[in-house]
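**Student:** Sequence:
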Amino acid sequence: MEVSWMGEAAISTSIITIACVVCTAMVVSVVYPAVSRTVSSFVLSSENLCERIETSIDIIAESNDTSFIYVWVKNTGSSTITSSSLKHTDILFGNADSFGLIPYDADISSAGSWNCTIENDNGDGNWDAGETLRIMINQTPSPGDYYVKIVLSNAVSDEDVFSI
1085 MEVSWMGEAA ISTSIITIAC VVCTAMVVSV VYPAVSRTVS SFVLSSENLC
1135 ERIETSIDII AESNDTSFIY VWVKNTGSST ITSSSLKHTD ILFGNADSFG
1185 LIPYDADISS AGSWNCTIEN DNGDGNWDAG ETLRIMINQT PSPGDYYVKI
1235 VLSNAVSDED VFSI
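Take the sequence shown: its position 140, counting from 1, is numbered 1224 in our numbering, and each next residue is one higher.
In case anyone wonders, no lab produced these hints; they're calculated from the structure. Heads up, some of the hints might be wrong.
Simulated pairs of lysine-lysine, DSS-like, Cα-Cα distance not exceeding 27 Å [said to hold, decoys possible]:
(1) K1158 / K1171
(2) K1171 / K1233
(3) K1233 / K1158
Working from the sequences, and respecting the hints, build out all of it.
**Tutor:** Listed below in structure tokens is the structure:
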């Protein structure tokens, strides 16, 4: 009788052990993806924060002629801003009391649009640290106060109010 009881105990212990292993595997299969997503989000947030810390711009001058308003912006940070991301820059421009978002236009053919060139480019086509960007806004200027705000694709910005 005693041998039979020990066999039953061994079988019961084996079943409980297998159930614990299966439960542990299920918990890991549920928890691991969530932890992995959290870590990925944290890494991405850290990279974005690092990029923002390394990026800095300053509007250094404004000017105009009969058809365009020019804004010069210096890359005072340590990061490089690619030419493709420059096209995704938001520019708010207009009279100081009435301004709005103006669209990028590679040909700068339509009124109220903008384009840019790198004044002292080293030949790579990217806006590197220390280089100056000249923004051309297609708008016939009239005397008054104007507001301009440059917002890069990573949300780093600078703004200025100037008079013509």
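**Student:** Determine for every hint whether it applies to the structure shown.
**Tutor:** Here is what the structure says about each hint:
A hinted pair counts as satisfied when its Cα atoms are at most 27 Å apart, and K1158 with K1171 qualifies at roughly 17 Å. A hinted pair counts as satisfied when its Cα atoms are at most 27 Å apart, and K1171 with K1233 qualifies at roughly 15 Å. Simply put, K1233 and K1158 have alpha-carbon atoms about 14 Å apart, close enough for the 27 Å limit, and the pair holds.
In summary, this structure violates none of the numbered hints.
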